[in-house]
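Colleague: Please work from the sequences and hints to get the whole structure.
So the sequence lines, in the order shown, correspond to chains A and B.
If you count by numbering that gives the first Met the number 0, then the first sequence holds residues 0 to 329, one letter each, in order.
If you count by numbering that gives the first Met the number 0, then the second sequence holds residues 0 to 253, one letter each, in order.
Careful: at least some of the hints might be erroneous.
If you want the footprint, here are the derived chain A segments under chain B, 3+ residues with CB under 8 Å [unchecked claim]:
id : segment
1  : 89-100
2  : 253-267
Straight-line Cα separation of at most 25 Å, DSS-like style, residue types lysine-lysine; simulated pairs [unchecked claim]:
id : chain 1 : residue 1 : chain 2 : residue 2
3  : B       : Lys222    : B       : Lys169
4  : B       : Lys169    : A       : Lys11
5  : B       : Lys169    : A       : Lys16
6  : B       : Lys190    : B       : Lys169
7  : B       : Lys222    : A       : Lys11
8  : B       : Lys190    : B       : Lys222
Think of the hints as simulated: they come from the structure by calculation, not from any bench.
Backbone N, C-alpha and C fix where the C-beta goes; we use that ideal spot for every residue, glycine too.
Read off the chains here:
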Amino acid sequence: MALALTTFVSQKREGWKSLEGLLERQRAGTLTLEELRTLDTLYRRAASDLALAQTFYPDTDAHRFLNQLCARAYAAIYQPPRERWAAVRGFFRRDFPRTLRRELGFVGTSAALFCLGLLLGALVVLWEPRGAELLVPAGVRQYVAQGRMWTDDILSVAPPNSVSSGIATNNLTVTILTFAMGIFAGLGTMFILVNNGVQIGAITALCIREGMTVGFLDFIAAHGPVELSIIVIAGGAGLMVGQALVDPGELPRSQALALRGREAVKLVLGCAPFLACIGVVEGYVSPGDLFPTWAKAALGLTLGGLFWAYLLRAGRADADTTEAPEVSAS
Amino acid sequence: MSTAPSPHLAVATPERVALSLPVAGIGYRCLAWLVDASLLFFFWVVAYFVFTLLVSDVLGVFQGLSSLGQTLLVVGVFATQWLYWTLGEVFFHGQTPGKRALGIRVVRLDGSPVGLYESAVRNLCRAVDFLPGVYAVGCISLLLTPRHQRLGDVLAGTVLVREERIDLDKYTQPAPQATSGAAPSTTRALKPDEVELVLAFLTRAPGLAPDVRRNMGARMVEKVGGLTDEERDAVLASSESIEAHLRGLVRTER
Numbered sequence: 000m001a002l003a004l005t006t007f008v009s010q011k012r013e014g015w016k017s018l019e020g021l022l023e024r025q026r027a028g029t030l031t032l033e034e035l036r037t038l039d040t041l042y043r044r045a046a047s048d049l050a051l052a053q054t055f056y057p058d059t060d061a062h063r064f065l066n067q068l069c070a071r072a073y074a075a076i077y078q079p080p081r082e083r084w085a086a087v088r089g090f091f092r093r094d095f096p097r098t099l100r101r102e103l104g105f106v107g108t109s110a111a112l113f114c115l116g117l118l119l120g121a122l123v124v125l126w127e128p129r130g131a132e133l134l135v136p137a138g139v140r141q142y143v144a145q146g147r148m149w150t151d152d153i154l155s156v157a158p159p160n161s162v163s164s165g166i167a168t169n170n171l172t173v174t175i176l177t178f179a180m181g182i183f184a185g186l187g188t189m190f191i192l193v194n195n196g197v198q199i200g201a202i203t204a205l206c207i208r209e210g211m212t213v214g215f216l217d218f219i220a221a222h223g224p225v226e227l228s229i230i231v232i233a234g235g236a237g238l239m240v241g242q243a244l245v246d247p248g249e250l251p252r253s254q255a256l257a258l259r260g261r262e263a264v265k266l267v268l269g270c271a272p273f274l275a276c277i278g279v280v281e282g283y284v285s286p287g288d289l290f291p292t293w294a295k296a297a298l299g300l301t302l303g304g305l306f307w308a309y310l311l312r313a314g315r316a317d318a319d320t321t322e323a324p325e326v327s328a329s
Numbered sequence: 000m001s002t003a004p005s006p007h008l009a010v011a012t013p014e015r016v017a018l019s020l021p022v023a024g025i026g027y028r029c030l031a032w033l034v035d036a037s038l039l040f041f042f043w044v045v046a047y048f049v050f051t052l053l054v055s056d057v058l059g060v061f062q063g064l065s066s067l068g069q070t071l072l073v074v075g076v077f078a079t080q081w082l083y084w085t086l087g088e089v090f091f092h093g094q095t096p097g098k099r100a101l102g103i104r105v106v107r108l109d110g111s112p113v114g115l116y117e118s119a120v121r122n123l124c125r126a127v128d129f130l131p132g133v134y135a136v137g138c139i140s141l142l143l144t145p146r147h148q149r150l151g152d153v154l155a156g157t158v159l160v161r162e163e164r165i166d167l168d169k170y171t172q173p174a175p176q177a178t179s180g181a182a183p184s185t186t187r188a189l190k191p192d193e194v195e196l197v198l199a200f201l202t203r204a205p206g207l208a209p210d211v212r213r214n215m216g217a218r219m220v221e222k223v224g225g226l227t228d229e230e231r232d233a234v235l236a237s238s239e240s241i242e243a244h245l246r247g248l249v250r251t252e253r
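Modeller: This is the structure:
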């Protein structure tokens with residue numbers, strides 16, 4: 000025979016109260032080792048009280064209270080490991096490039112989609128010049144018609160600092176959207192990839208037709224390779240998400256999504272610092288003619304080469320030693 | 000005290016106890032977002048005035064700062080759009096200030112606290128949930144998913160749970176000694192749901208209109224029963240005696 004509800008509460012309440020107090024202190028981070036042991040004992044006791052309440056007093060406030068108390072203690076005890084500097088370093092030295100190599104198929108597909116858009120856009124404009132009216136933004140068309148680069152004016156109006164940071168946030172928005180639109184079964188990511196490809200292809204073709212090939216190359220040579228790589232990688236991450244939605248395998252869809260989402264976001268987070276650096280290059284080096292075109296091209300190729308060399312080589316040497324935990328984690 | 004079935008997150012702990020946590024619905028989430036959004040808004044109002052003061056200074060000392068200031072501005076937009084949420088959730092136990100004010104928190108589907116990756120996923124997806132404006136996609140997703148998740152939550156495998164403030168004092172309030180003489184002879188032990196009902200009545204009784212209070216108390220006594228006729232007449236004499244009797248009942252076993 001179970002105790003009466005009120006007796007149960009008044010008998011156990013002291014323990015619950017001290018557990019609450021310890022959890023409060025745990026949050027503030029001022030627990031001694033001894034108190035930590037008490038916390039563990041009290042949690043186990045509260046959990047067994049909860050089991051009792053579930054059986055004898057379901058749907059009472061006491062039951063709800065215990066649920067909540069145990070959830071708080073559970074969260075405090077089974078915390079995920081804190082991400083510290085060592086973890087950040089490990090992420091960039093091993094985790095990020097390795098994830099990318101494992102998911103190279105998705106990045107390849109994303110690159111193929113982007114190139115498809117690029118070709119389409121370029122062919123349309125080269126074949127039928129009036130297509131440019133459809134595909135190229137009006138502002139850009141005006142500049143090109145006057146034989147100027149649209150980027151020259153941004154620079155002369157605003158100080159280079161703000162151009163750089165403005166470009167950085169713009170690239171960031173595109174990258175994030177490219178990834179996040181993957182939640183629409185990957186279709187959103189495909190659309191953004193193809194759409195961006197078409198626009199860039201169309202602008203390139205327009206510049207070629209108007210005899211501004213050199214000016215255009217001059218602008219994109221320094222930052223283009225890395226920036227487009229990053230967008231393609233983010234596209235790969237978006238496609239991973241889409242794949243988990245369309246073909247979750249043996250897992251329920253929600254779990255497959257959560258699992259793949261964690262992997263995919265690694266690709267996006269890994270790209271973030273490179274995105275920031277390339278934003279600086281795009282803001283300071285690319286516009287204007289402070290640097291000759293060949294220097295910009297050399298810089299762009301070097302940066303692109305280094306970026307991909309890092310992605311394909313980093314963390315390869317110690318792959319064997321840490322292979323086992325990685326398999327169990329994924 | 001709610002009786003309508005609300006969605007719950009069921010969690011199995013390693014101690015083999017099943018926790019069930021109430022999931023926060025669209026109302027809580029909207030309010031929490033409003034709190035966060037207004038915090039960010041006031042931050043920007045203040046930042047704007049400070050910035051204007053710096054740029055328009057008469058001596059021109061800060062002129063050189065203006066371009067740096069603009070960079071900071073853009074970086075600040077970035078920080079408030081993405082970092083605020085993620086850092087809040089990772090470092091303050093799944094709660095941004097708005098969520099803390101409303102008493103909701105982000106947890107993984109297994110009830111454990113969110114880590115950096117989950118938080119990053121769900122906050123990167125804010126951009127999509129916000130489409131085409133004011134979180135339209137997110138709200139539709141909230142209404143359609145059984146656990147009230149927006150797309151970012153679905154992708155990250157997270158859910159928002161509610162913390163209720165539950166007062167246990169009502170269980171342990173001392174029974175008045177004055178009525179112990181009129182204690183009924185044939186009491187039976189109350190079932191937990193009856194205890195819950197009586198306690199709910201006792202908590203709310205002081206706020207009721209006198210006649211309602213009296214009527215409801217009488218019905219409560221009838222429902223609980225276990226009294227002879229003359230005992231019942233004595234108990235039903237006034238609302239004070241009714242409540243004293245009820246309080247005594249839920250406190251019979253000490």
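Colleague: Compare the structure with each hint and give your call.
Modeller: Structure-based check of all given hints:
Chain B is given as covering the segment 89-100 of chain A, and this is violated because 0 residues of the stretch bring a CB closer than 8 Å to a CB of that chain, at least three being needed. Figure legend: the segment 253-267 of chain A, annotated as covered by chain B; annotation consistent (11 residues with Cβ-Cβ distances under 8 Å, at least 3 required). A C-alpha spacing of about 20 Å is found between B:Lys222 and B:Lys169, which places the hinted pair at or below 25 Å, so the restraint holds. In summary, the hint linking B:Lys169 to A:Lys11 is supported, as the alpha carbons are separated by about 15 Å, within the 25 Å threshold.
A distance of roughly 15 Å separates the Cα atoms of B:Lys169 and A:Lys16; the hinted pair therefore holds under the 25 Å criterion. With a C-alpha separation of about 17 Å, the suggested pair B:Lys190 and B:Lys169 falls inside the 25 Å cut-off, and the hint holds. As the CA atoms of B:Lys222 and A:Lys11 are separated by approximately 29 Å, the hinted pair breaks the 25 Å bound. At roughly 12 Å between alpha-carbon atoms, B:Lys190 and B:Lys222 fall within 25 Å of each other, so this suggested pair holds.
In summary, the structure is inconsistent with hints 1, 7 from the numbered list given earlier, while agreeing with the others.
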